[in-house]
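Single-letter residue listing:
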Amino acid sequence: MVAAPDRQELANLYRTMLVIRHTEEELARCHQRGLIHGACHTYVGQEAIATGVCAHLNPADVVFSTHRGHGHALAKGMPPFELIAELFGRVSGCSRGRGGSMHLFSPEIGMLGTSGIVAPCILQATGGGYAFQLAGNHQLAAAFFGDGAVNNGAFHEGLNMAAIWKLPVLFICENNQFATEVPFSQASGIPDVGRRAANYGLPGEEVDGNDVLAVWEAAHRAVERARSGGGATLIECKTYRTRAHAEGMGDFTYRTREDVEAWKARCPIATLKSRLVQEHGFTTEELDAIEAIVVSQVRQAREKAEAAPPPEPKDASTHVYAEPARVVAEKPADPNARQITFNQATLEALTEEMAANDRIFVLGEGIGVRGGNFRTTAGLFDKHGPRRLRDTPICERGFVGLACGAAMAGARPVVDFMFADFVLDGWGEIVNQIAKMQFMSSGRLKMPVLLRGCIGIGHSAATHHSGSYYGMLAQVPGLWVAVPSTPRDAKGLLKHALRCDNPVLFLEHREILQTKGPVEEGDLEIPFGKARIARAGTHATVVAVGRMNHLCLAAAEELAREGKQIEVIDPRTVSPLDGETIAQSVRKTGRLLVVDEPAGPCGFAAEVAALVADQAFDYLDAPVRRITGVAAPTPYSPVLEQTVLPDQARITQALRALVEE
Amino acid sequence: MAVEIRIPRLGWSMEEGTFAGWLKKPGDPVRPNEPLFTLEGEKATQEIESIGEGVLHLAPDCPRPGQVIPVGQLIGQLCAPGETPVWGSSAPTPATPETPPRAAEAAPKPGALPPLSAEVAASPSVRRLARQMGIDLNQVTPAWPGGRVMEHDLVPGAPVPANSHSRLIATPRARRIARERGLDLRQVRGGGPGGRIRERDLQTGMPAGAPLAEIPDNAIPVTPRRRTIAKAMVKSRQETVPVTLTTRADATALLALRARLKRETPKGEIAPSFNDMLLKIIADLLVEHPLLGSRWEETYIVPPGDTIDLGLAVDAPTGLVVPVVRDVRRRSLAEIAADSQALVEKGRQSRLTADEMRGALFTLTSLGPYGVEFFNPVIPWPQVAILGMGTIKPQPVPLPTGQDGFTFRKELPLSLTFDHRIVDGAPAARFLRDLVERVEVIG
Ligand SMILES: Cc1ncc(C[n+]2csc(CCOP(=O)(O)OP(=O)(O)O)c2C)c(N)n1
Ligand SMILES: [Mg+2]
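Top to bottom, those sequences are chains D and S. 1 is the number of the first residue of the first sequence in the numbering used here; add one for each residue after it. 1001 is the number of the first residue of the second sequence in the numbering used here; add one for each residue after it.
The set of hints was computed from the structure by calculation and includes no laboratory data. Careful, some of the hints might be misleading.
[Stated by the list, open to error] With a Cα cut of at most 35 Å, we get these calculated DSBU-like pairs of lysine-lysine:
#1 S:LYS1231 / D:LYS588
#2 S:LYS1235 / D:LYS564
#3 D:LYS564 / S:LYS1024
#4 D:LYS304 / D:LYS273
[What the hints assert, rightly or not] Chain D side only, calculated, beta carbon under 7 Å to chain S, not exhaustive:
#5 GLY458
#6 ALA461
#7 GLN653
#8 ARG656
#9 GLU660
#10 GLU661
No experiment lies behind these values; they were computed from the predicted model shown. Ideal Cβ placement from N, Cα and C applies to all residues, glycine included.
Can you build the whole structure from these sequences, using the hints too?
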């Protein structure tokens, strides 16, 4: 038997479509009045899709959408006032005035966000589905995206992951036949999207997106499937937007008035209205009464939004990071603790935290049964099984985007990149999505995503397995970046990363994974942003992270034999960077050398130098010196590799010159 | 035949040393056994003495101070006058043929960053100049041993500043400390590259036992003005042999003149002061006593010309200033009064320009307003003398001959301090006597 909406549900569908239509038309007028400061992409003509799908969702289900997301937010239950106020840039807007048309957040009602980037919502919904599957509840995640997204890699990677892991996800493609001005017929080898699902092993449907009942029925089947463990569905809804791509844009350079008029005649609301009267016993009067109420509610919402106050300038940069839930203080180190390797230390931290928190799961290639290329997850698969130790296809962008959505939906993903060079394939997801979510949602979303991988030059790994990247990562507001150098720091910082609510890049230098050091058993948490004075001294300060810190300590040892005491500082986290400890040291010594393995330009060493110029200029008794890697891709041959890499001799020599200078 | 200068081994296991700096400049003649450079070995720092004789030439890749260099490296040559050195390889001669030469090891690998120490230190402007002149900086030997290449190293005949740089180079830390303690960095010799002044260079110039860190909370910073005064005073003290003569002049005429001028001066203007009157008298007298207004130049003495410019000491809130009243002799008392008033006012407001304080031949100072009679003013070097005015007071004087007893008259105490190197006691006394005479008959 085919399910069908009852009378009340039919009235609700009609109402919701009217709310979307009248709100959008009100927004279009407001755009003309200059009340909307940025872009405004309306959903006029496509109302049936959001309405027909969201009719099946509970508040606990989550929605991820695109630049054209007003309709999804309203259908998911956002009051028109919050949407309108957001476009007006008011503090009572759904994103507190931080987002505007393309960045709508209301986690309270499961509207986890819309994005100005085409396609990441597909991966995020996949991640939402992953989090729900892990939690074992019956919630589901839906992604709304345009035809423009289906030729993007995220579509491929997301659908594939949802298929292989049977995730509770709805992929709703709104094929309005244009991506901005580019017709879908020119962007795809086949005119239909729904049938692509078969290639992933997913059910796919192609429905009339202007027929709310058809959408409702397809969504009903997909939702049933998802909630009962049957996995994801792709639904292509064929539709048309009858306003310009964005308000104020010209519309007839790429399509004709006749085309638009023809589609207006197929208005999904008018169609439903006549069917309600003809087939479902509604009277025109009662439907008009519904519309009159909607019109007045939207008008009131607009008036209220116009009167709403703007945000306070002082709040322009709050919630870039999560408010710390607790104060963490580092325990004094026990030099007599047992000696374990860096590798063992991080494994110990992960093992302990995974046992304590079942929301943690690991994604990566070979981190399951195999236990990780670098033994990062050894023994964990046996304890926790495949859902928490998930071997992935080779789709770094895909599983980083999945991790983003999973964190938004309440899980704690750990992405194990093996080599940090692979981070770059997920760069957009990290920078545009993961890093920005807490800010965009005004702190209402938490982003506990741990991204870990090996960095560093050595053993002829050559250029695709030697990068460090923390300089560029530390430039991204919203990310934390840890580059530990000792086993103890590695354990303590990893524990903190797994307990805090911020996205963390945890970068482990491959050449020091087997170095040993004292590490306390059991609880050991080290807060981020606190440098460690690895060796105290008075004649000069040297700052370095990771492997370079080891070389600096050895160089300082040499200098000590010559009567020069070098203070060696390990910031441990590049972001947040403990500028105060560095400046304090330079105020004492008057001399600074920064040693860094990656190339110099705009890098960590430059940042430290600038920081000291800012905070300790009057204490400098010599120019700040830097030793960095050569600005070239890392070569393979040992003699070439050695050449681009700072070594101990150069550090020693530079320190000698610096203390004399 | 040129004598090579190489890094010696200072102990049996020493492989390399830290070059600490040259003790001679390039171009200096060096004799055997003269200290030539300082080298830090494993155990101690040593002054290395010359083994030969000749004019010092530094090797093109001569180490900078602080640089670590292998034993045996060629760092310079001593050549006969007129002989030019030939630079072959500066690599150390291997101790034993089996051991590979250290410098070969240390030499940059192909494509490697040049070691820090091999970079030629030169400022961007000097680099630009070198480019324009087509000069390879690596081939230039800085005049300052092991230091930065400076403009004078490129341009033949450009003066080599004593401190190796025309601009003061000091680290921010040294500048801050100098500011805090009122030190004049121009007096400090920088020991860093290119003569850069570092904190440690200041410490050597500090009074012994004055630890840098302990400045009492209530310490008063020394202003630049105070430093200038202090320097001028010390200079005078070091350079001159001051002797002071004192006497009193009958001030009756002076007081009468002042009273009259006060009456005659239109309202709103200020009448000439005692200072102005004294300036006028001094200017006239210096024509008759040129030695008191002259300038000592060691091998000759410059007497005053036609224009007599006189200094007038002013007590300004920021400290003593001495503006100069111009051409006193040829100008009227009223003009001098107007000038001096303007200068005094500017002095009190710290608005005097350097020009307005330059070129006095003789200075007048007064402590009269404070009741002082005689004092010992300091000669403003390189002037020869200074006259100090005290407070005008009634003094008992014997009645004219034949009458017993005393009467009182107002007298002006005068202190003349002069530099005995240039003027003897009697000529100075004659100047003072003539001065008294003129004061007593003024009108
Ligand atoms: C990754 C990315 N590339 C390009 C854009 C610019 N852009 C914004 S909307 C759009 C068209 C999207 O078309 P579609 O996905 O079909 O959505 P529609 O606008 O038709 O609703 C483009 C190219 C973007 N936002 N993100
Ligand atoms: Mg489209």
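Q. Holds or violated: ARG656 of chain D as interface residue toward chain S, Cβ cutoff 7 Å?
A. At about 6 Å, which falls below the 7 Å cut-off, the nearest Cβ of chain S leaves the hint on ARG656 of chain D intact, so it holds.
Q. Can the restraint linking LYS1231 of chain S and LYS588 of chain D be considered satisfied, given a maximum Cα separation of 35 Å?
A. holds, 32 Å
(Q) Can you confirm whether the C-alpha distance between LYS1235 of chain S and LYS564 of chain D stays at or below 35 Å? (A) violated, 41 Å
Q: Report holds or violated for the interface hint on GLY458 of chain D, using the least CB-CB distance to chain S and a cut-off of 7 Å.
A: With Cβ-Cβ at 17 Å, over 7 Å, it is violated.
Q: Measure nothing beyond the straight line between the CA atoms of LYS304 of chain D and LYS273 of chain D; if it is 35 Å or shorter, mark the hint as holding.
A: holds, 29 Å
Q. Does GLU661 of chain D pass the interface check with chain S, least Cβ-Cβ distance below 7 Å?
A. holds, 6 Å
Q | Restraint outcome when ALA461 of chain D is required to lie within 7 Å of chain S by C-beta distance | A | violated, 19 Å
Q: Under 7 Å, Cβ to Cβ, is where GLU660 of chain D needs to be relative to chain S, so tell me if that hint holds or is violated.
A: holds, 3 Å
Q. Is the straight-line distance between the alpha-carbon of LYS564 of chain D and that of LYS1024 of chain S 35 Å or less?
A. Within the cut-off at roughly 27 Å; holds.
Q: Identify whether the interface hint at GLN653 of chain D stands, where standing means a beta carbon of chain S within less than 7 Å of its own.
A: With Cβ-Cβ at 6 Å, under 7 Å, it holds.
In terms of the numbered hints stated before, the structure departs from hints 2, 5, 6, listed from lowest to highest.
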